[in-house]
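Trainee: Here's the letter readout for the chains.
Protein chains: 2
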Amino acid sequence: MQIVASIISLDDVTKVEDVANILEFRLDLFEKIPQIGEVKQIKKSKIITVRKIDDGGRFTGNEEERLSLLKKYSEFADFVDVEFNCDEIFFDMNCRIIESYHNFDATPDYEFLKELVDNKRGDFFKIATLGKSKEDVLTLVRILSEYDDVIAFLMGEKFAFTRIMSLFLGSPFIYCHAGSSVAKGQFEVHEAFEIIKRLRGER
Amino acid sequence: MQIVASIISLDDVTKVEDVANILEFRLDLFEKIPQIGEVKQIKKSKIITVRKIDDGGRFTGNEEERLSLLKKYSEFADFVDVEFNCDEIFFDMNCRIIESYHNFDATPDYEFLKELVDNKRGDFFKIATLGKSKEDVLTLVRILSEYDDVIAFLMGEKFAFTRIMSLFLGSPFIYCHAGSSVAKGQFEVHEAFEIIKRLRGER
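Quick note, the sequences are listed as chains A and B, same order. Sequential numbering from 1 applies to the first sequence in the numbering used here. Sequential numbering from 1 applies to the second sequence in the numbering used here.
Worth double-checking, as some hints may not be accurate.
Each pair may be met inside one copy or between any two copies, as identical chains are not told apart.
[Said to hold, decoys possible] Restricting the straight-line Cα-Cα distance to at most 27 angstroms, the calculated cross-link-like pairs of lysine-lysine (DSSO-like) are:
(1) 40 with 132
(2) 52 with 184
(3) 197 with 72
(4) 15 with 44
(5) 15 with 40
Quick caveat, the hints were computed from the structure, so don't treat them as lab data. All values reported here derive from a predicted model rather than from experimental measurement.
Could you put the whole structure together from the sequences, leaning on the hints where they help?
Mentor: Below you can see the structure in the form of structure tokens.
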């Protein structure tokens, strides 16, 4: 189980490094994109993510620009986040790939999500969908109980618990924020750490 | 959502009354069974439970004695806990009934549990079974997403998170201890309260 802190500035690094195992550089949310040298010298494991507006991000460039940004930073990263519907060329990286599926309107049914996972081109598959009902939780648990390489949780404050629950069902990562939430229901990294410890009876 | 604190002595009452909504009097675990007057004067909602050894308790009397004890204390209680396989006469109480099923060896499949719930004679149905796998969590979530009057969780430290998760899936009660654990994986009542608050983003 790894705690991922999504960071949106280099100042976030010192805020989260005591508990985060991995830093996700949300380059689309950085006010000023960091120098490659600055990223390189950070010792933690890194995920490079550049989200388009359609996928909940703020990147406004074209796909060619996005690919080139991802490629450039991936040289010094452990993972690149690539959306499931990207062209094949996005999957040609020098590091491992977290293939991601986002749905801000609903949680599709189990069969739909299973097909996405079964056809994955990345190393891990990440599913983040809007939670609306207990049936969505059931769908999520069905997926999580079937795969060990799937990160899955429901977005929305009411379903924030699924972010923690999924870890206990074998999800390899939990995504947290470093002070200002990047997605609804996301926990601050120390808060997530504290909840996990308490659920494990480790305090 | 109600926090139930299982108490095993009258001294436990002051330990838990700040956060517990309901007190479960585990009369089988009391060293000295409290006077009926002592129970009567406690203002909190109450569940009366007298478990046999087979069901994880310590009551050694016969079923007639157990019934008489339950009946006597139920006069001043809000709920009595009655095991699912009890004779009909156990269901004739002057308060609401939490019908319970315990399994310390395994979690039966969904169909088995669903049949128990569908045939319930009590007001609520409580399922506490040993968790061994993710499939057991899936079974639990299937049951919880179908019913609003079912309390269900997996026993065992590895599956302690299901006690909290079930609340977020609409389970009406969470059972906690007052200082000394009554079942594996059970949370101390303040600890459960703290985790729930944090998961709700209320701190």
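Trainee: Checked against the structure, which of the hints given earlier come out wrong?
Mentor: 1 and 3
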